[in-house]
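Undergrad: This is what each chain is made of:
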Amino acid sequence: MSVNHCGDFKQTYKDDMRVLQTRFIRFWVYGFVVFLYVFPLIASTYVVSLTNMIGIAVIGALGINIVTGFTGQISLGQGAFLGVGAFSCAFFMNEWGIPFWLAMPMAGLVTAAVGMIFGIPSLRLKGLYLAIATLAAQFILEYLFLHLEGITGGSNGVMFPSPQVGEFVFDTDQSIYYVIITVAVLTTIYTTNLFRSKDGRAFVAVRDHYLSAEIMGIHLFKYRLLSFAISSFIVGIAGSLWGAYTQYITPEHFTIAESINYLAMIIIGGMGSVLGSIYGAIFMTLVPNLLSYGTSVLANVWAGAGDLIMSLKEGIFGLIVVLFLIFEPDGLAHRWKLIKAYWKLYPFSY
Amino acid sequence: MEFYVQLLISGLVLGSIYALVALGFAIIYKSTSVVNFAQGEFLMVGAYFCFSMVVQYQVPWLWAFLITMVFSVVLALLVERLVLRPMIGEPVISIIMVTIGLSSVLRSVVTAVWGTQIKTYDPPLFPDTPINLAGIPISQVYLWSFGLSVVLLVLFGLFFKYTKAGIAMRATAFSNQVALSMGISVKRIFALAWCISLVVSSIGGILIGNINGINISLGHFGLKVFPAVILGGLDSILGAAVGGIIIGVLENFSDGLLKTWFGLQGIKEVAPFVFLVIILMVKPYGLFGTEEIERV
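Top to bottom, those sequences are chains Y and B.
First residue of the first sequence? That's 1 in this note's numbering, and the numbers climb one at a time after it.
First residue of the second sequence? That's 1001 in this note's numbering, and the numbers climb one at a time after it.
Check each hint, because a few of them may be wrong.
[Said to hold, decoys possible] Distance condition first, Cα-Cα at most 20 Å in a straight line; then the derived SDA-like pairs of lysine to any residue: (1) Lys126(Y) x Thr1290(B); (2) Lys126(Y) x Tyr1285(B); (3) Lys126(Y) x Phe1288(B); (4) Lys1187(B) x Leu1075(B); (5) Lys313(Y) x Thr1116(B); (6) Lys1259(B) x Lys126(Y); (7) Lys1119(B) x Lys1187(B); (8) Lys1268(B) x Lys126(Y); (9) Lys222(Y) x Met1281(B); (10) Lys340(Y) x Ile25(Y).
By construction, these hints were calculated from the structure, which means they are not laboratory data.
Make a model of the complete structure from these sequences and hints.
TA: Given below as structure tokens:
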């Protein structure tokens, strides 16, 4: 009766394809999920609000990782797609009176449709050219957010009604936490399984060598468009949750800076890795908060520092991205793998 | 009629500056296959540096201009050596992201040093009095900027065609390995490409700073360059010039006309990008770009 497998010893294909390989991992992962659900009872409101932002970022990062990390199509329009999700969800709830639980997937579908429209150039384009096409999508959508005042409220933005079940309204950090974390866990499970399915493997094949993929009978255009659709759907959901969390949305939040932020998340976390999206989301949400904290501490010590550091904050952020790309190009997920491998055989180096 | 001519002229001027910045972009892309998302920020840094020379230190214009060029070269060498050289061989997305990171570093340094207020060159580089051109008053700044941009574009065209360094650059762009085996130092060519690119961007920055004043939003110029270079063809120097001018005119016309006809505001910001999507769908490699042909 061993508690743990000692080594890589599998007898069936099914064993080998398991997501949670050993009883040890299973125990900790289930334990972590349970912990996530009791977490708001013990944590302070500030910590819960941070976790909410991380949860939304995890969903968004998984979305962009599907199209960029797994299918190899750089998307610079992530911020705008978040906005499409948030604004359409608000529109369905405000104008049509649809409850949040239905409006959220509908917003996902709208975002998927918009994502697919801007994915059409992928029929003929790839790499850099496609990245620039999504950059154009970003600016066009930003323009629409500001000028379609009937839907988005222009620069004033719109109120976002809180989700509700019967009489219970999810309008506090603690209550919305459960919605966000549930969706985040479901998205993680979905994405993990997507890449064990036929479609997911087709995505990876398209990324790794699209000519070979095509020769093997993978319909390139179909799968490129499909990856845009799935990714945008998830991003639309993340956008709706962002609306439900902040309760008030303006176009300001959905700029190119947000797109870059998400791209940075998957690069720092690890492209084409589900765990990487999670690490990246945590990292990129915590770093600005740590920087703000550092700024406030320094401002107490040295009066003039505050202004200077405020303006340098964006630069420090950029510097982190640059340093990561130069020194840790495969991201945190890869580093974590190396650390695990190191301890597996410690103290023997081989 | 005068209204249209005004639109055309300011479009041509804007376009010629786009063309300069697009040239800087295309040079880097063609020889090093790096997509530089920080082009607009380099333009901004050049404009601000020249501002400091002219206004804060009262350096005469000619010297300020030369010092700015030297500064651009030094900055280019630093950036190329410290940031881009370690990235050789990395995937496209990493290179895109590294230049995006670089752009936010530059932006924040500029805000830390010069603040966010709009600045103007004083004294201006060109006299501001309008001159009459067939009954239509045109500001001299416009004429000079257009003239200087066109001269620079022609000069660089000749440089690539006839000088040894220019030919070496074209060889490097064609194939790094071939260039290396012919005794061309590819590293030096990469550095040269960055230097030229930053110098022309700085000139673009100074010109646009003379027209509109300098502030942090100059960085947007770098993004407006994408429609221009895609229209012309990413790896074509001539294309950059033609694309820049077409986009500049198109932007001004769509803005002016849609505003007077339909009262639409802010079209200026988005028109080039709508056009960009259309080009990508119809003619993805632009007017003069080399089409990638794949054979198995």
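Undergrad: Run through the hints listed earlier and report the numbers of any the structure violates, in increasing order.
TA: 6, 7 and 8
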